[in-house]
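Enquirer: Now that you have both chains on their own, put them together as the hints suggest.
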Amino acid sequence: MISIRNVSYQIGSTMILSDISLEIPKGKVTALIGPNGAGKSTLLSLIARLERLQSGTVRVGNLLVGECSNRELAQHLSILPQTLDQAPRLSVRELVSFGRYPYHQGRPQAEDNRAVDHALTVFGLADLAQRPLDALSGGQRQRVQIAMNFAQDTEYMLLDEPLNNLDIAGARSLMALLCDVSERHSKTIVIVLHDINYASRYADHIVAMQNGTIMAEGTPSEIVNADLLRDVFQTNAEIMHVDGVPIVLV
Amino acid sequence: MMGWYWAGVFSLALLSFCSIFIGVIDLSVSDLWRDPDGLHLIAISRFPRTIAAVIAGGALAVAGCVMQMLVRNRFVEPMTAGTGQGAALGILLVTIFAPQAPIFLKMMLASATALFASLGFLAIVRRLPPKEPLLVPLVGLVYGGLIGASVVFVAYQADLLQFISVWLNGEFSGVLRGRYELLWLAALGAGFTYFAADQIAIVGLGRAITTSLGLSYGQVLLIGLISISFISALTVVTVGIIPFVGLVVPNIISRLFGDNLRRTLPLIAMLGAGLTLASDIAGRLLRYPFEIPVGSVLGVLGAFVFLGLLYRGQRYE
Numbered sequence: 001m002i003s004i005r006n007v008s009y010q011i012g013s014t015m016i017l018s019d020i021s022l023e024i025p026k027g028k029v030t031a032l033i034g035p036n037g038a039g040k041s042t043l044l045s046l047i048a049r050l051e052r053l054q055s056g057t058v059r060v061g062n063l064l065v066g067e068c069s070n071r072e073l074a075q076h077l078s079i080l081p082q083t084l085d086q087a088p089r090l091s092v093r094e095l096v097s098f099g100r101y102p103y104h105q106g107r108p109q110a111e112d113n114r115a116v117d118h119a120l121t122v123f124g125l126a127d128l129a130q131r132p133l134d135a136l137s138g139g140q141r142q143r144v145q146i147a148m149n150f151a152q153d154t155e156y157m158l159l160d161e162p163l164n165n166l167d168i169a170g171a172r173s174l175m176a177l178l179c180d181v182s183e184r185h186s187k188t189i190v191i192v193l194h195d196i197n198y199a200s201r202y203a204d205h206i207v208a209m210q211n212g213t214i215m216a217e218g219t220p221s222e223i224v225n226a227d228l229l230r231d232v233f234q235t236n237a238e239i240m241h242v243d244g245v246p247i248v249l250v
Numbered sequence: 001m002m003g004w005y006w007a008g009v010f011s012l013a014l015l016s017f018c019s020i021f022i023g024v025i026d027l028s029v030s031d032l033w034r035d036p037d038g039l040h041l042i043a044i045s046r047f048p049r050t051i052a053a054v055i056a057g058g059a060l061a062v063a064g065c066v067m068q069m070l071v072r073n074r075f076v077e078p079m080t081a082g083t084g085q086g087a088a089l090g091i092l093l094v095t096i097f098a099p100q101a102p103i104f105l106k107m108m109l110a111s112a113t114a115l116f117a118s119l120g121f122l123a124i125v126r127r128l129p130p131k132e133p134l135l136v137p138l139v140g141l142v143y144g145g146l147i148g149a150s151v152v153f154v155a156y157q158a159d160l161l162q163f164i165s166v167w168l169n170g171e172f173s174g175v176l177r178g179r180y181e182l183l184w185l186a187a188l189g190a191g192f193t194y195f196a197a198d199q200i201a202i203v204g205l206g207r208a209i210t211t212s213l214g215l216s217y218g219q220v221l222l223i224g225l226i227s228i229s230f231i232s233a234l235t236v237v238t239v240g241i242i243p244f245v246g247l248v249v250p251n252i253i254s255r256l257f258g259d260n261l262r263r264t265l266p267l268i269a270m271l272g273a274g275l276t277l278a279s280d281i282a283g284r285l286l287r288y289p290f291e292i293p294v295g296s297v298l299g300v301l302g303a304f305v306f307l308g309l310l311y312r313g314q315r316y317e
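First to last, the sequence lines map onto chains A and B.
Numbering follows this note's numbering, in which position 150 of the first sequence is assigned residue number 150; successive positions increment by one, without gaps.
Numbering follows this note's numbering, in which position 282 of the second sequence is assigned residue number 282; successive positions increment by one, without gaps.
Any given hint might turn out to be false.
Not the full set, but computed from the structure, chain B residues with beta-carbon under 10 Å of chain A [to be verified]: (1) 126; (2) 127; (3) 128; (4) 132; (5) 192; (6) 195; (7) 198; (8) 205; (9) 211; (10) 215; (11) 255; (12) 258; (13) 263; (14) 266.
Interface residues of chain B toward chain A, partial, derived using beta-carbon atoms under 8 Å [unchecked claim]: (15) 165; (16) 169; (17) 173; (18) 208; (19) 209; (20) 213; (21) 218; (22) 254.
Note that these hints are calculated values from the structure, not bench results.
The structure displayed is predicted, hence computed values, not measured ones.
Yeah, the Cβ is synthetic: ideal placement off N, Cα and C, and Gly gets one too.
Bound-form chain B, shown alone (with noise of 0.2 Å):
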């Protein structure tokens, strides 16, 4: 087990050392140490494009763990199942009504209308029939197309389109230093969530179980929940929705590994972290010098391996 961390914490090593050295401006390992325009531009750009993959990556990885053990199902994560449409849908209403804002009200109404949107989510799935396993993630599919939609509405007779874009299509190119910096917010909410790993994981064994060993099951559901979408909100008004990689990084890890959070959680962080840069690195070199938003690049890629676990899973099952 210790070696997987290990070799995590090296491939993210070796990925982050690319993606500071690849882009559309040229640097050179061996002149940077007399080239004070091109420390610059790491300082300015590379280094929190980076960065910035890094943690959205994992945070987003751990909160689709989170969101499919409350849940009970493998194929939810917040992006897809209306938490991050919610968490635009608050952005977007403060930004009309009231603009002038400070940045942490409203990060923190974008958790709000996130969690609310959560918890309709969960209203919803709790009405479905159990034995029909793959309902709950098409129903998060419409449901998260519905608040998405409804974005789109509001920005549309506002006339705030090109803003909306910004959230609901991820993308790092507009990381810059200055304006990403909330997203530390997103990886401490993750790192809270090591700390309740134990009661997550318990919880996905059902309200029964989870009753009987002495946890409340509402108050666990509401800590997940809570967590869930302030990692979303944070991460949608940074860098925009992100998908797959909560869906993707947490089924993977679990195959490999069980369901054992305290210990396999910092590998879903890092798996999710180590995804979301490649998309980020391949999106630079796909069209060069053109870039492709990291949320097509994954779009894509995720599409393709979540069909492979919905056949996989069926076929176990």
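Extracted from the complex, chain A is given alone in its bound form (with noise of 0.2 Å):
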């Protein structure tokens, strides 16, 4: 579980979160939804502390995310950045194996390539492994970089916004596989998602943010209705109801 007890952030006088406490439930997959510049980028760069809190505490497991190494946190949390920069000169199964760093410091065992290879035939990669990154799609890259943060073999998974460059049929296969690899390797996995439609079909739990504060939280059944839309996206779009998951007709 990650518990995050009244968290507030601001940049200059800016407000970015405004004290925020969630806890968010072990071993299911939890989209953050909410309109741009709701803070939820945030909030998961001061889980992963990517950023310094500067009040209230996050506690992942039994980690104190302010008080634990590096090295500690990096063994139990990965997150897949926001901003993916130029493809990097590597291979796919090169940067894949970056992901065991937390654990080998440079000196990488059989049980890391194990990891590896395990993590490519995950995400079926196996057979790009010796591909040069600049030579794949940019879905196919967003695919590799959550690889390596399988690969980094954490109990905690934090993607913001991991479908974008992604068409439909890459974002749902993607979206798929996540919910499998929750399930089957019991892990917790944290997602900002832009798409309400995909948070409400594949996410166990949603939270949904606003101007730095939490408007609800529960399951896409309980919470996905008209006054969540009005609530936090300001429209009012229409709700259809598909084997009992909310669908937003857009």
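Expert: This is the structure we're talking about:
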């Protein structure tokens, strides 16, 4: 479980997060949704300690994020950052191998190689292993980066907008894969999503944010409704139910 | 990959052989065994000169690669972005204020000013717009030029101009036994860098990924900058500023073999050593029996390769 207590964050005089308290359930897929600038990415960065906490506490499992060592945190939690720069000049396997760094510190063992092979297989990249990253499409590269997170073998995985650059087929298969990974390897996965429908269809738990506060949280059928769309997204879209899953008509 | 390593070792051996037997005084391989003067010449001058070129070239290429990873820009290198000039400034200040200081202390001070100069460069790079990668090397050239100019100014005021030309213009003709041995420390510095190869490659992927892999971004940055400054200072003090090796070599190797530094750093070191040694040999032959400083040869050669890299870089991005 990730528990966040009274976390506030500001840049200059602008409040990005105001007094957030939240529990993210263990072993589930949780989606963070909300309009641009709601503070979703900032919240994720604070959990992963990409930014320093200004106030409040964050606890990942038994680790207190403000106090544990970098390496300790990296063995329990991995993050896919939002900004993908241009492709590094590495092969698929080389990049995924970096995911093992928190364990081997530069001297990979047989066990690390096995974990890399496993990650490549799970993400369907085994055939591409020797390909250079700049020969891949943006979507494939995104998958390779998530495979690197998976090779890090952490109980908690945070993904900041992993569906960027993906077409509908790529997005669906990635979401299905992440649900599968969460279930099979009992991983807690937190995903920042732009599209409510992906959250609704694939996530176990949804947290809706706006203006640095949490507006609603619960299962998709509990919280995805006309009120949420009006209050959080300022829009009056219609909602349909398909097999009990609320789907927003866009 | 193994094949490339062996090709590198073999070419270096061949170049070293040529370097030892090329010079104003004729040496013949077949007569060497009954020629004590020849052996003496090798021990005092030709061998030190060859080793100096190999170490300086290899270490500078490694330092260039490290700097490109830290700054996340392929068009910078310590000798054109202020680190080398910073080292020259340090050694000049020691020469003025504490001429009697032991050489080791002089070295440490030159390394320290080189480190300050690199930190200054990094602070400036942070403030440049990330979408304009070509600004970084240009700002580096201006920044390095400014420090270089202040070195000349201070030297002019202190009447030490003849000293600084030795540091600012790299050449190997002054390398003799007893006057280059500090360079072995630069080789050590480059070798030490190899142990941090993974960390430096990861830092090249950006701050977020570095942090998420459990590394302290600032710490790796500092380690990298210290090793760059150390290597630069040792090179500047013993043979002077040698430009473009650190720029051109890492780019060529990265194009061909990628950026997995654990695999490519040895190739970078060998190509850097080979290129510098070949340039030094060319400098000895072009106007025989006079010499052209290796800095000039590399300056001309490197400028053309650099332009080619810029041109191709733009075409691909």
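Enquirer: Broken hints, numbered, in rising order?
Expert: Numbers 1, 2, 3, 4, 5, 14, 15, 16, 17, 21, in rising order.
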